[in-house]
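Construct the entire structure; sequences and hints are all you get.
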Amino acid sequence: MKQSLLTILLAALLAACSGGEEGGTVRAVYHWKTTYNPTQYELQWLRDHRVTRLYLRVFDVDIYEEEDIAPIATTRFRQLLPDSMEIVPVVYITNEAMGRVYYWSTEKYAEKIADRVIRMAECNGFELKEMQVDCDWSERTEETYYALCESLRKYLNEKGVRLSSTVRLHQVCDKLDELEVDDKVLMLYNTGNLRSRETRNSILDYKDVEPYLSRLTAARMATMGVAWPVFGWGVAFDGEGRFSHLVTSANLASDSAAHLREEWGELGEMRRVWEKMPQASGQHVVVLYHLDSLNLSKYSYDEIEEIYNR
Amino acid sequence: MKSKRYIIASFLLVALRAAACGPGPFVLPDDCDLYRLMPYYAELREPADGRVEANCRAWMAAVPGVTQEAVRQAVYDFSLLDWQRVLRGDDRGNAFCRKLLLTRDVDAIRLLVWSKYYEQWSAAMRSPWYYGAGLDDGGLDIDRIACLAASHRGRYADRYVLLAMKCLYRSGRSEECVALWKEAAEVMRGSHLRDQAEGYYAACLNRMGRKKEAVEVYARLGDAASLQLLQDDKAAVFEQVMRSRPNSPFFPIALQRVLFVVENYSVDNRFTCYDLDKKQLQRLLKLATSAGSDPRVKNQAMWRYTAACLLDHEGRRSEALSQLDGLTAEDDFLDASIRILRIYLHARLDAIDDGYEQRLFADLQWMDSRMQQEWDALDSTTRYRFAHFCGFGHNYDIYRTIYSYDALRRIVLSSGGLADRFAQAGRTTRAIQLANMAENRIFQISNNPAIELYRSGSQGKTVYYSWTRDDESTSYNGYGHSIVDTDTSLMEYYTVGEDLFNSHDFSNRLFVHIDRMDADVLEDYWKSMEAPLGGMAGWLNERGYTGTNYWCDIIGTHLLRELRFAEAAEWLAKVDPAYQQCLNTRDWMNYDPFSYEKELLKRFTMPFTHEVYVIGAANYKLNYARRMAKLERKAQEAANPDDRADALLTLSIALRNAFSERCWPLVAYGYTSYSGFEDDSKNYPTQWEGWYNYQTPFEDPYYLVGDMASSAVAPYAVRAEQRAAEWRKQAFATYQDRDRIAQAFRRTCQFSHLMHHYADTPTGQEVARRCDEWKDYIKQ
Numbered sequence: 001m002k003q004s005l006l007t008i009l010l011a012a013l014l015a016a017c018s019g020g021e022e023g024g025t026v027r028a029v030y031h032w033k034t035t036y037n038p039t040q041y042e043l044q045w046l047r048d049h050r051v052t053r054l055y056l057r058v059f060d061v062d063i064y065e066e067e068d069i070a071p072i073a074t075t076r077f078r079q080l081l082p083d084s085m086e087i088v089p090v091v092y093i094t095n096e097a098m099g100r101v102y103y104w105s106t107e108k109y110a111e112k113i114a115d116r117v118i119r120m121a122e123c124n125g126f127e128l129k130e131m132q133v134d135c136d137w138s139e140r141t142e143e144t145y146y147a148l149c150e151s152l153r154k155y156l157n158e159k160g161v162r163l164s165s166t167v168r169l170h171q172v173c174d175k176l177d178e179l180e181v182d183d184k185v186l187m188l189y190n191t192g193n194l195r196s197r198e199t200r201n202s203i204l205d206y207k208d209v210e211p212y213l214s215r216l217t218a219a220r221m222a223t224m225g226v227a228w229p230v231f232g233w234g235v236a237f238d239g240e241g242r243f244s245h246l247v248t249s250a251n252l253a254s255d256s257a258a259h260l261r262e263e264w265g266e267l268g269e270m271r272r273v274w275e276k277m278p279q280a281s282g283q284h285v286v287v288l289y290h291l292d293s294l295n296l297s298k299y300s301y302d303e304i305e306e307i308y309n310r
Numbered sequence: 001m002k003s004k005r006y007i008i009a010s011f012l013l014v015a016l017r018a019a020a021c022g023p024g025p026f027v028l029p030d031d032c033d034l035y036r037l038m039p040y041y042a043e044l045r046e047p048a049d050g051r052v053e054a055n056c057r058a059w060m061a062a063v064p065g066v067t068q069e070a071v072r073q074a075v076y077d078f079s080l081l082d083w084q085r086v087l088r089g090d091d092r093g094n095a096f097c098r099k100l101l102l103t104r105d106v107d108a109i110r111l112l113v114w115s116k117y118y119e120q121w122s123a124a125m126r127s128p129w130y131y132g133a134g135l136d137d138g139g140l141d142i143d144r145i146a147c148l149a150a151s152h153r154g155r156y157a158d159r160y161v162l163l164a165m166k167c168l169y170r171s172g173r174s175e176e177c178v179a180l181w182k183e184a185a186e187v188m189r190g191s192h193l194r195d196q197a198e199g200y201y202a203a204c205l206n207r208m209g210r211k212k213e214a215v216e217v218y219a220r221l222g223d224a225a226s227l228q229l230l231q232d233d234k235a236a237v238f239e240q241v242m243r244s245r246p247n248s249p250f251f252p253i254a255l256q257r258v259l260f261v262v263e264n265y266s267v268d269n270r271f272t273c274y275d276l277d278k279k280q281l282q283r284l285l286k287l288a289t290s291a292g293s294d295p296r297v298k299n300q301a302m303w304r305y306t307a308a309c310l311l312d313h314e315g316r317r318s319e320a321l322s323q324l325d326g327l328t329a330e331d332d333f334l335d336a337s338i339r340i341l342r343i344y345l346h347a348r349l350d351a352i353d354d355g356y357e358q359r360l361f362a363d364l365q366w367m368d369s370r371m372q373q374e375w376d377a378l379d380s381t382t383r384y385r386f387a388h389f390c391g392f393g394h395n396y397d398i399y400r401t402i403y404s405y406d407a408l409r410r411i412v413l414s415s416g417g418l419a420d421r422f423a424q425a426g427r428t429t430r431a432i433q434l435a436n437m438a439e440n441r442i443f444q445i446s447n448n449p450a451i452e453l454y455r456s457g458s459q460g461k462t463v464y465y466s467w468t469r470d471d472e473s474t475s476y477n478g479y480g481h482s483i484v485d486t487d488t489s490l491m492e493y494y495t496v497g498e499d500l501f502n503s504h505d506f507s508n509r510l511f512v513h514i515d516r517m518d519a520d521v522l523e524d525y526w527k528s529m530e531a532p533l534g535g536m537a538g539w540l541n542e543r544g545y546t547g548t549n550y551w552c553d554i555i556g557t558h559l560l561r562e563l564r565f566a567e568a569a570e571w572l573a574k575v576d577p578a579y580q581q582c583l584n585t586r587d588w589m590n591y592d593p594f595s596y597e598k599e600l601l602k603r604f605t606m607p608f609t610h611e612v613y614v615i616g617a618a619n620y621k622l623n624y625a626r627r628m629a630k631l632e633r634k635a636q637e638a639a640n641p642d643d644r645a646d647a648l649l650t651l652s653i654a655l656r657n658a659f660s661e662r663c664w665p666l667v668a669y670g671y672t673s674y675s676g677f678e679d680d681s682k683n684y685p686t687q688w689e690g691w692y693n694y695q696t697p698f699e700d701p702y703y704l705v706g707d708m709a710s711s712a713v714a715p716y717a718v719r720a721e722q723r724a725a726e727w728r729k730q731a732f733a734t735y736q737d738r739d740r741i742a743q744a745f746r747r748t749c750q751f752s753h754l755m756h757h758y759a760d761t762p763t764g765q766e767v768a769r770r771c772d773e774w775k776d777y778i779k780q
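Chains as they are written, first to last, in the working numbering: chain A, 1 to 310; chain B, 1 to 780.
Everything labelled a hint here was simulated from the structure, so no lab data went into it.
C-beta atoms are modelled at their ideal positions from N, C-alpha and C, and glycine is treated no differently.
A few of these clues could be false.
Claimed, not checked - Here are some, though not all, of the chain A residues that point toward chain B, as calculated from beta-carbon distances under 8 Å: (1) 64; (2) 70; (3) 71; (4) 112; (5) 116; (6) 119; (7) 120; (8) 123.
Here is the structure:
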């Protein structure tokens, strides 16, 4: 009896310590706006779903004055960040900017990026345990991006900060195993050809993911979190079937495009993908993209729970 | 005719593709600045209005018994770190600091620590990477400084107010800054810092949208530099300030801006942030001319120099020269600028003769010493950067650093500059000597080790050298060389990789000049190097690049262009065989010039695939020259007419090959073939498939010159094509033996003609039996 009580207490203690890590899942969400000013709905949503980690885009790095690169679109903070959540700042680096970085200058830029993120953490009062970089790197920029990550990781690790990187499906290959980061997050959205009239759903379509499934081996997935889409938009085409523009979910009804393809991250497609993917074991990160009440309100509580619990 | 079109079309195709590809950054001599009232980037610093001296004097009055040098060092040269140490009792070996510590002048020490903090913060803030917060300094905070400084009313109150206003302005707290100015009016009255503080007040007014009030303040202060940015009529700014403050300390900055815009942007260019139309310039010229002799104006030299620049810009060079007549300036930089502009104007106006050469020699000697002087004055980071550049586009990284170097390039190498004018006057040797100095002297002054290594062509060779740096500058890597710092010592090394080449000497303007010159001209230059005529020749040669391999290779190549094969062989024999590895054309020296092109085309699907790199290419040019010379002799002297005909046919084939895409490195150099580009092509299989522009000649700088027709090799190509056609015609007219004629037709892939007229010969019979060649025959 004593032993049973001890076991229950221990289990309860472990559960308490793990915070929002339910069944080994770290529940997370991306914040991908230039102003941090969550609505009441969003704050309540975070609480309701016991989200413990916020991947917060803090700035982009893009081309600056032709020859250099610099941060742009720095996130402004209109509210205090919640103490209850781990904040992981995310820096989005455009591939064009990556193309301007010389291999030998990656160390310099790594320090600039990291220092700025550290400064932002200090100024906005969150503890920095992890930083994430996001880049749609291509074969041309891969070497430089890898070097940048290597430098960033070394620099951050010395300060007790981990580095993670997003990974797009097309970036998953043997070379990916050489990417020197502490964690990776696989983005399972924007998988299709947005501009094609033929595409059914560019946000997530099992057909688009299928060719890559063989690359998502158990070993590889064991080191990667997964990000799922909980957003939608409209893809507008002109009268001749050419891509015209994107329409936010709020303006879907009012847009006057000749053809409008409404797309959402569909749960059915997610189910089809994760049924074929190796099951994650141990602690793993599930991130939803992204924290926006207009989009999130399209998903029921249970649907969100199903994604987090998958 | 068809062949001629083919060659010219090939050149154009190549050139256009090259243009599409584009080179690395490269600053043309025409783009180098000439009009400088002050050193580069000095306009970003505070105006030289005597405020530094006045401030030092004020400190000396407040802290008696110290020298001005000690005050200047402590107040202006010391860093935040130094002052933080002073705060802890370390006088840093400075008498002023010692006095402050001895007298326990806490107000002064705290003020200077805060001021240094502000300076560092302000500098960091200008970086796009800055994120709005203080520095890592253990407790200091700009808001706190602003608050405390604003309320300080003890000793140095005026200094504290100024500091507070700076902090508020930089923090974007304009309303508070304006309020402080009004509140502290009594404190600032009579202070030597009053005008500076009022300047910040005006800046805040402007930021708050009270532009009219700001303009009034600036006008009262004579701040032409700020007014310039607020008012559309730039000339009116100068006229207005001249009336009230003829010696405004802001004039140099404001005038330099005008000169920069005039020189670097076309007038009436609405895309610049600083519009200047012709009428405004006329008014400015008038004002500058009158100010140059206005007794109220102390710095007349500055105005006369400005007037001369504006006159030169209008093409009124004689008048510009008159403005500079007898003009000197107290300021060393302006004095040098005046002399440089004078040299430039003489270089454009004077007749090129012996008298001018002598005057020019004296000017060049002065410019040379000036370059050395400017080099000596550079900080260690800049020197480090200078000493590490090498390769194509190198000057982009270093221009606007040493004014006299940029000016020399402009004077000598720009369009219509001395190199052009001396060449046009028939003084071609001197033209080359001048161009050589203008382009290469800087390497000697900066003692750049990379360029020498590249010139030596020692691949894989590593050169260690010591370099002392006292800063943490990032290792600078120019185009095409590796630099690695060792951890323990300040030894560094260069390694020339196998995929690298000497890209500098085949991409600069000297090379553009000599690439358009005949071989005889270059031979004369070579003779001048061996036995210089006169002191000026020797002096110039010492300051140029006179490497035997470089010059002999170029002369030999030019002789090949001119079809002077025997002479070419003599020159090319002087070139070290290893030197071929320095050339950026070396990777394309693999095609056999003596075989008929169709043989290769037939054998391989594309002429530029790796499969055709089959021919050993050592001594590529020399072997070609020797064999062509031998063939020429044979074509003349062989007893058997068929042997003579064979030689003529081979000469014809080899000559066409040399001027075609296949063997062009025999007669030309590439310019932008930097390594790495080839690897890039792998990443763009669709976009780049079939592209081979990186293999081809006639790229930049011809691209930059913008005149494809002036491509150095094109005229020779036309001549060579004519000669090749003649040789070919002559060959077929010389053959006597029918089977030898049949062989010649077969060799030149004219199967149709061969089978129609020489099917009965043993060669015709053989072709008929060979189904693959027969297929060709049928197709034709």
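Outcome of the hint check:
Of the supplied interface hints, the one on residue 64 (chain A) holds, with its beta-carbon coming within about 6 Å of a beta-carbon of chain B, less than 8 Å. Given hint, residue 70 (chain A) at the interface with chain B, holds; its Cβ is 4 Å from that chain's nearest Cβ, closer than 8 Å. Below 8 Å, beta-carbon pairs count as interface contacts, and residue 71 (chain A) has one with chain B at about 6 Å; its hint therefore holds. For residue 112 (chain A), the suggested interface contact is upheld, since its CB lies about 5 Å from the closest CB of chain B, less than 8 Å.
Nearest Cβ of chain B to the Cβ of residue 116 (chain A): about 5 Å, under the 8 Å cut. The hint holds. Taking 8 Å as the C-beta cut-off, the interface hint given for residue 119 (chain A) holds, the closest approach to chain B being about 4 Å. For residue 120 (chain A), the shortest C-beta to C-beta distance to chain B is roughly 5 Å, which falls under 8 Å, so the interface hint holds. The closest approach between the C-beta of residue 123 (chain A) and any C-beta of chain B is roughly 5 Å, which is under the 8 Å cut-off, so the hint is satisfied.
Of the numbered hints given earlier, the model fails none.
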